[in-house]
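S.K.: The lines below spell out each chain.
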Amino acid sequence: MSYPVLIKSAAPRSALGGGKTRAQGDRSFLAKSVILMLCFVLVATIMFSLAAGASDASIVSLVGALFTGIDSPADALSLRDRIIIYDIRLPRVILGALIGASLAVSGAVMQGLFRNPLADPGIVGVSAGAGLGAVSMIVLGGTFLAPLIALFGFYALPLAAFFGALAFTLILYRVATRRGQTSIATMLLAGIALGAMAGAYMGVLVYIADDRQLRDLTFWGLGSLAGANWVKIAAAGPFIVSALLISPFLARGLNGLALGEAAASHLGIPVQRFKRIAIVVVAGATGASVAVSGGIGFVGVVVPHLLRLMIGPDHRYLLPAAALLGASLLLLADAVSRTIVAPSELPIGIVTAAVGAPFFLWILLRRRGILDL
Amino acid sequence: MIEVSDISVSLGKKKIVENASFNAEAAQFTVIVGPNGSGKTTLMRALSGDLPFTGRIAINGFAINRLKLWQMAAMRAILPQSTQLSFPFTVREIVKLGLISGRSGAARREAEDLPDEALALVDLAGFGGRFYQELSGGEQQRVQLARVLCQVWHPLLDGQPRFLFLDEPVSSLDIKHQLIIMQIARAFAKRGGGVIAILHDLNLTAMYADRVVVMHGGRIDSVGTPAEVLTDERIQRVYECALKVGALPATQVPFILPQSAAL
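For the record, the sequence lines run as chains H and U.
Residues in the first sequence are numbered from 1 upward in steps of one, following full-length UniProt numbering.
Residues in the second sequence are numbered from 1 upward in steps of one, following full-length UniProt numbering.
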C-alpha cells in the first residue's frame, strides 16, 4: 500500500527491497556471522587455557581425558595431570569464562539501561557496592552475620555481594535519572561518591578484621582467578548463569530504550518492570563475579564497545556476542597473568586494567564532543 | 475516535492543561495550534499516556488508563519533537524499531521491506545504511517519522482506525519536506486513520487540517474547521499580536505560501 504523494522526491524508489540482496544498514547477517565466529574463538580459547600452564599436560592427552573420564584407565594421562586438569585448570577455565561473560553482559545491559556507553559496573560504583557486601560478609561473618552463613553456606558471600550491588545500582539510578533522562555527569559523579563511600566502609571493616580475615581479604581483593575451585563455581555459577539466561529477553527492551523511556513505552515496552529486571540482572551478575574474583575492571566497558563498532548496538546480537567475547578475553587475560611472571602469577585485575584503562581513555577521547558536560 | 473529556494535567503544583474537551475523529487530520506555553505538548503527552491526568481520554472507546502499553502501541504511534541516541544505530535499524510492537498490520513478507518503504516515503530512500547520529536535525526527524509510520503502517487494524500523534513534525524541515510530511499525514487520514498534530505554522494548518483545536493558557479556546477558527479576532487575542487573516503584503515584499505548491 502506498501513499499518494503530490511532490515527487528526487531519489528513485526502484532500488528498494528487491530480491535477496540485503538492505542497506541491515547488519543482522554480519552480527550472526560474528557470533558464530566468537563461538569458535571461545572453544579454541578454552582448549588453549586448559592446555597452557606450568605443567606439560598436553592438549592431546587432555582431550582424551575429557572423553574417557577420570575413572577410566587412561594410560595417556597420569594421575598428576588429571588432578591438574580437573581440580585446578578446569574450574579455573569455567570460572574465568563465566566471569568474563558476566562482566561483559552486565556492562552491556547497564549501558543500555543508562543509554550511555560509559556505564560500567566497575566505573560507576556497582562493583564497589558488591565489594562492600562481600567484605562485610568476610569480616562480620564470624559475628552477627553468622546466622546468614549458617543458613546460606557458601552462597552467603555471593548473596551479600548481590545485595550490595543491587543497593548501589538502585541508588545510582535514583540519583542519575530524572524523568526518564539520565545525566552522564550526575551518573559519573554519583559513581565516584558511591565508590568513595564503599571504600570508606570497607576501610573500617579492614581495620576491625583479624589476621585470618585480612589474609582472606587480601586474596579476594586482588582480583584474581587463582583460587578457582568447584565450590566457587557452585556458589557464583547459579547467579551468573541465571543473569546470562535472562539477558536475551532484555534485548528488545534495551533496543527500544535507546530511543528514550517515553518512546520505548509508546512502542509497547513495559519500561518500569523491564528496568527493575535489568537492574536485578546487573546486580546478580556483578555481585557474583565480584564475590568470587574481586574487582576485575574494564571488561564490561571494552567488550561491548568493541562489539558495537563491529556489529552495531542491536542488543539481540550484542548481548550474546558480549558473553562470548567477554569469556574469551578474560581467559586470554588469565593466560597472560599466569605466564607473564611465571612461575609466580599476576592478579588478572592488573592485566585487564593495564589494557582496559587506556582503551577507556581512547573512548573518552573519541566521544569528547558528546560528553562535554 | 479519540475522545478527550474534561481533562486537566498538572506538572508539579502548576496546572498546565485545564478542563480540555474535544474529539479527534478517524479519517480526519486534527491540528492543535496555540502560542508557546499554552499546554499543547502537555496535552499530547497526556494523550500518549505519559502524564497522569484527571478526566477521561479514550481511543476507539477504550479509556487509555485501562489499556496496557502494548495495546496502546497497536492503536497509536507517537512522533516526539526530537530524539537523541547514544549508540551508533544505522538509519534502517532505527526505523525497524517501529516494528517492535508487532502490529504494523503488514503481512510478514511485506514487513521485510517496510523500513525501506517508509524511508522512501519520507524522502530518505538510500539513507538506510547511514548512521543516525551523522544526519542533520531535519533528516533525523524524518527518520523518526518513518519509524512511527512502521508502527501503524496500515491506518486500519481489525477494522478499527489507528492514530498518529505528531508533535511539531515539521519544525526543523525545509518547505519541500514540510509539504511531504503534511501530505503523508493527510494520506494517512484519507485511508481511514486519525492524525493529531501540533503545528506552529498557521498556513500549513489552514491548508491541511480538517479540524483545528486552538489552545490558549492551558484551555481549549475553540474547535472547528480552519475557516471557522482562524479569524482576525481569535488570532489577535490568542497570539497577542495584531495579525490579519488573508491580508496581502505590500507588492514589493515577496511571500511564499505552501498553498502555491499545489497550484
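What the hints contain is simulated information worked out from the structure, not anything from laboratory work.
Be a bit skeptical, because a hint or two may be false.
Think about it this way: if two alpha-carbon atoms lie no more than 30 Å apart in a straight line, the pair counts; the simulated DSS-like pairs of lysine-lysine are [said to hold, decoys possible]:
| id | chain 1 | residue 1 | chain 2 | residue 2 |
| --- | --- | --- | --- | --- |
| 1 | U | 68 | U | 176 |
| 2 | U | 68 | U | 13 |
| 3 | H | 275 | U | 13 |
| 4 | H | 32 | H | 275 |
| 5 | U | 244 | U | 68 |
| 6 | H | 275 | U | 176 |
S.K.: List, from low to high, the hint numbers that the structure doesn't satisfy.
M.R.: 1, 5 and 6
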